[in-house]
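All chains should be built: construct the whole structure from the sequences, respecting the hints.
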Amino acid sequence: MSSLEILLRALPSLWSGLVVTLEVSALSVGCALVAGLLFGTALLYGPLPLRLPVRTVVDVVRGIPVLVLIFFVYYVGPAAGLDLGSFAAAVLALSLFSACQVAEITRGAVASVHHGQMEAARAIGLTFRQRLLWVIFPQATRRFLPPWINGVTDTVKGSALVSLVGIVDLMLAIQQVIGRTYRPMPFYIVGAIIYILINYSLSSASRHLEARFAYVRD
Amino acid sequence: MHYNFNFGLIWQHFDRLSGGLLLSLELSVAAILIATLLGLALAIAHVSGGARVRAPIAFYVECIRNIPLLLLVYLVFYGIPSIVNLQYSAVTSFIVTLSLYYAAYLVEVFRAGLLAVPRGLLDAGRAIGLTAPQRLGYVRLPVMLRIVLPSLSNTFVSLFKDTSIASVLAVPELTYGAQWINNNTFRVIEVYIIVTPMYVVTGYVILWALRQFERRLAVR
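Residue numbers (this note's numbering), protein chains in the order written: chain A, 1 to 218; chain B, 1001 to 1220.
Just so you know, these hints were derived from the structure itself, not from any lab.
Glycine is no exception: its CB is placed at the ideal position from the N, C-alpha and C atoms.
A hint or two may mislead.
Here are some chain B residues the structure puts well away from chain A; computed CB gaps all over 12 Å [stated by the list, open to error]:
(1) 1007
(2) 1008
(3) 1012
(4) 1013
(5) 1096
(6) 1123
(7) 1137
(8) 1187
Covered stretches of chain B, going by a simulated chain A footprint (3 or more residues, C-beta under 8 Å) [stated by the list, open to error]:
(9) 1177-1186
(10) 1192-1199
So, in structure tokens, the structure goes:
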């Protein structure tokens, strides 16, 4: 069988793996964005009883490897009576990890907005929620976007680790194809190119977004 | 929750965790040394070289930064020996992979640092008659080091955490030790209760030590 034929036969497996990788990444990025913004806001404005546990979780999660976090959620979940299934456990672990990064990015982005803005918003009588949504967050967005997009590509790369708890994503699909064909190098290179294409298109998209949001020059 | 904690089995096999942590640190030190040298050399080449030098370096950085480390680890350990006649151990293979991966990140860190050295300092070096290598060694690199240290510290801690991926090649580092105990004793909650602080504390100790170093270097 020619190399091209082997590659063509492997395409359906690689494609379904790619779909799973994109699903895991998109779900994790989405959950992490929501949770991370909440964590970040809690770190900035929350009362001490809320700030302290969030700070602890963020620091601990950022202090352990993603792989350990994935194993932790995957194995400890069922033992603690929380039977998630491997897909949900992996997405939860990846989301939690990214959420903690997003929390720190949010904190940094909001801190970069001049405090006069908050005071001015308070002076014209906006409520706390209005001050955040209409004044602080829109201005923090342009500081938030560049590191956040970096974080998204990190999540896509981190999603390869879910293959280690048996989810057939692109990484495991490649491993399985290699197991059938005994052609490691070509398929690792094909996999590498696919990951580069995903992440490269993400970072080009981010440059457009950044240009769109860079309305304040400093 | 119906779960009876039993830490006894963990302590019985604790040597796998302590030995694992030691190996994680050894892997980190080796990879940090190689990655720093390679990253610095490529950054200097990128800053002082022409387009013909820059293009391949930029290509290397873009490629490596967009590929999952796990894929690279597999590629180097299983892929390369399948096409060329080379044999190496899992440890060697992992150190090489981790170094190549982090060198790509460090090129960017060092490059930004080299470009951030004020032009006036280099001109002053030229004015007092330093040669180009002297300007690099006595002016540009020391000032750069002070600028890049904070991001360098963060990169080194990330590198330490990424040594956990060596467990997929059965390198007996900390995560592998945890997996081994988990597979052999089924005390899964206990083992992660012990391993989590081992990673967190070691990571923060590395960060703290590098922060002390930063403060010593700071201009007073």
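Item checked: Numbers of the earlier hints that this structure fails to satisfy, in rising order -> 8
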